[in-house]
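Asker: Spelled out, the chains give:
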Amino acid sequence: MSLLEVKGISKHFGGVAALRNVDVQMTSGETLGMIGPNGSGKTTFVNIVTGHLVPDSGQLLFNEGSIAGTAPHRLAALGLTRTYQAVRVFGGLSVGKNIEAAMLLGLPGAPESAERNELVHWLRLDHRLASLAGSLTLFEQRRLELLMRLLQRPQLIMLDEPVGGLAVTEVREMIALLHELKARCSIFVIEHTMRVIRELADRVVVLMAGEKIADGPPADILRDRRVVEQYLGTTHA
Amino acid sequence: MNGRRLAFALALAALAAPFVLEGNRFLAFVFGIVMINLLWASGMNLLYGFVGLMPLMFAGIAGIAAYAMVALTREAGWSFWLATPVAAVGAALVGVLLGLPSLRLKGFYFTLCSLVIQTVLTLAFTFFPRFTNGDTGLNQIAPPDGWGGVPLAGVWFDATLALVATLGVLLSAWIVQTRLGQRFIAIREDDVLAEVMGIDVVRNRIIAFAIVSIYAAVGGCFYASYVGFVSPRSFDVLTSLGIWLCVAFGGRGTIIGPIIGTVILAPIPYLLQELQAFKDVLSGVLIIVVTLVMPAGIYGEIMRRRALRTAVALRAQAAGDPAGATATPAVAAMPGTVDAGVAR
Chain A
1 MSLLEVKGIS
11 KHFGGVAALR
21 NVDVQMTSGE
31 TLGMIGPNGS
41 GKTTFVNIVT
51 GHLVPDSGQL
61 LFNEGSIAGT
71 APHRLAALGL
81 TRTYQAVRVF
91 GGLSVGKNIE
101 AAMLLGLPGA
111 PESAERNELV
121 HWLRLDHRLA
131 SLAGSLTLFE
141 QRRLELLMRL
151 LQRPQLIMLD
161 EPVGGLAVTE
171 VREMIALLHE
181 LKARCSIFVI
191 EHTMRVIREL
201 ADRVVVLMAG
211 EKIADGPPAD
221 ILRDRRVVEQ
231 YLGTTHA
Chain B
1001 MNGRRLAFAL
1011 ALAALAAPFV
1021 LEGNRFLAFV
1031 FGIVMINLLW
1041 ASGMNLLYGF
1051 VGLMPLMFAG
1061 IAGIAAYAMV
1071 ALTREAGWSF
1081 WLATPVAAVG
1091 AALVGVLLGL
1101 PSLRLKGFYF
1111 TLCSLVIQTV
1121 LTLAFTFFPR
1131 FTNGDTGLNQ
1141 IAPPDGWGGV
1151 PLAGVWFDAT
1161 LALVATLGVL
1171 LSAWIVQTRL
1181 GQRFIAIRED
1191 DVLAEVMGID
1201 VVRNRIIAFA
1211 IVSIYAAVGG
1221 CFYASYVGFV
1231 SPRSFDVLTS
1241 LGIWLCVAFG
1251 GRGTIIGPII
1261 GTVILAPIPY
1271 LLQELQAFKD
1281 VLSGVLIIVV
1291 TLVMPAGIYG
1301 EIMRRRALRT
1311 AVALRAQAAG
1321 DPAGATATPA
1331 VAAMPGTVDA
1341 GVAR
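Chains A and B, in that order, are what the protein sequence lines are.
Oh and the first sequence: position 128 is 128 in the working numbering, straight run, nothing missing.
Just remember that the working numbering sits 1000 ahead of the position in the second sequence, which is counted from 1.
To be clear, the hints were calculated from the coordinates, so they are not data collected in a lab.
Just so it is clear, the structure is predicted and the values come from calculations on it, not from any experiment.
Watch out, some of these pointers could steer you wrong.
As the list claims (entries may be wrong) - Label-pair restraints from in silico Cβ distances:
(1) GLY106(A) with ASN1002(B): 23 to 33 Å
(2) VAL54(A) with LEU1105(B): 15 to 25 Å
(3) HIS127(A) with LEU1170(B): 29 to 39 Å
Unchecked claim - Short derived list, chain B residues pointing at chain A, Cβ under 7 Å:
(4) ARG1183
(5) GLU1195
(6) VAL1196
(7) ILE1199
(8) ASP1200
All C-beta atoms, glycine included, are put in the ideal place defined by N, C-alpha and C.
All chains, full assembly: derive it from the sequences and hints.
Answerer: Set out below in structure tokens:
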């Protein structure tokens, strides 16, 4: 069943076309990667799908219901959530308080304390509950971000560069975590690190100057001549 | 001392004070003023300390309610006890309306906008004298009626103010630990993230403005009937700043902080009446000191130092005991515990 259906989305900022007639489909359980050079419209795309921006034209369907113009807090209740390119936690509050804040949505069937503890343990944040979230390492903050989203039982989580700024060993661990995350929800991921795309994505969409130029399995996409020439360069291929 | 016991002790002290001060009418009056300011400060703290918005039109809202209360009691013959809740509900609606810019503006920009609103309100009080009597002000405002139709006066008026302030502080303490208060804190820390976490930021900000406007309004009505005189200067931007300073100086975002700030600062204008000019200089200096030296206020500073000591002790312990070498993470966390998120 189609989880997310984006049809003919366009968005202009003044005279600049950030997105031009972009179509993207995702089925439930799929992991979709999005790549493209800086300024190609990837984050704009996520901003539109998650209700931070209103598209100029086009259709947005989540679980076959229209979500165009829906506020982010309602999307959270519907099971559509996101993370940000720059890590975003409640830095002035403790990790425990961050977890409580994530539970404020009060959905029926929100995780009980046993499941909560299991998630905290899985993301290795047990020993950090009393620390200020702002004092955690970047990798820990990224894990806290994931934890806070998972407490809301998302169906689709949109990750904007989840390994940005992480050390090489941490990237490896993050990829392992995201692999396990696939069992819990569908993932949409923007990344510049091709390893993440290659190892995680079932399918990849390539944006270039606001237009979708390719859509297919990572192995094919990463060999695509246009993608190689315009974005990856020859060293990656 | 735990919070509950401290709250009980403070409430008892506030309620006993009017009877202790009964012999000295001047000090008893200053106490009454402090209680009104305490009510105002605990309301201001909800918005400034917990939602993260600095509303400089706070006194203007108090003024609207005070003038409305006087009009209702004088011209319509209502009782103070009916006019005040009606004025408070009206002020809540006005406050929500005036809070609407906060849905688009944050931090400094909202504060600037609220300054403009306050200025316009002060001008309106002056230039639309139908209910305000303009710059001349309204005098001989009747006190509320007490038991058996006898006007509330003296020690019983002071005690009523102490009771109202105590209830106001307790209500704010209760609000901040409910889910509503938790949402306020999340919005203060990061409103974009709060929204993604499923918190309706617009709705919660509107609720906050309604609650805070009621605090401003009730304080305004009691102020008018206690002092017996109001003019546009009673509810100008300096009044707003004075209330804000009580919160910021004592420690925003805590319950005890604004109490400390109000008890220290609110009596000053009355105790230094001979030195009019000096009092304004002093409040200016205090604003600078708070901003530069103690951004978290007195209580915030105490908490910060205590946390720092605990962290240092933990570290020393860990150094002596290599097995516990993981017990250091708190150290880097301490500066800015309360700084974060409010002045943005």
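Asker: Taking the hints in turn, state whether each one holds.
Answerer: Hint check results:
1. As the Cβ distance of GLY106(A) to ASN1002(B) is approximately 29 Å, the hint placing it in 23 to 33 Å holds.
2. Between VAL54(A) and LEU1105(B) the C-beta distance comes to about 20 Å, which sits within the given range of 15 to 25 Å.
3. Our hint of 29 to 39 Å for HIS127(A) and LEU1170(B) holds, since their Cβ atoms are close to 36 Å apart.
4. A hinted interface residue such as ARG1183(B) counts as satisfied when its beta carbon comes closer than 7 Å to some beta carbon of chain A; here the least separation is about 6 Å, so the hint holds.
5. This hint holds: GLU1195(B) has a C-beta 5 Å from the nearest C-beta of chain A, less than the 7 Å allowed.
6. Using the Cβ-Cβ criterion of 7 Å, the hint placing VAL1196(B) at the interface with chain A is satisfied: the shortest such distance is roughly 5 Å.
7. Given hint, ILE1199(B) at the interface with chain A, holds; its Cβ is 6 Å from that chain's nearest Cβ, closer than 7 Å.
8. Interface hint at ASP1200(B): satisfied, since its Cβ lies 5 Å from the closest Cβ of chain A, which is below the 7 Å cut-off.
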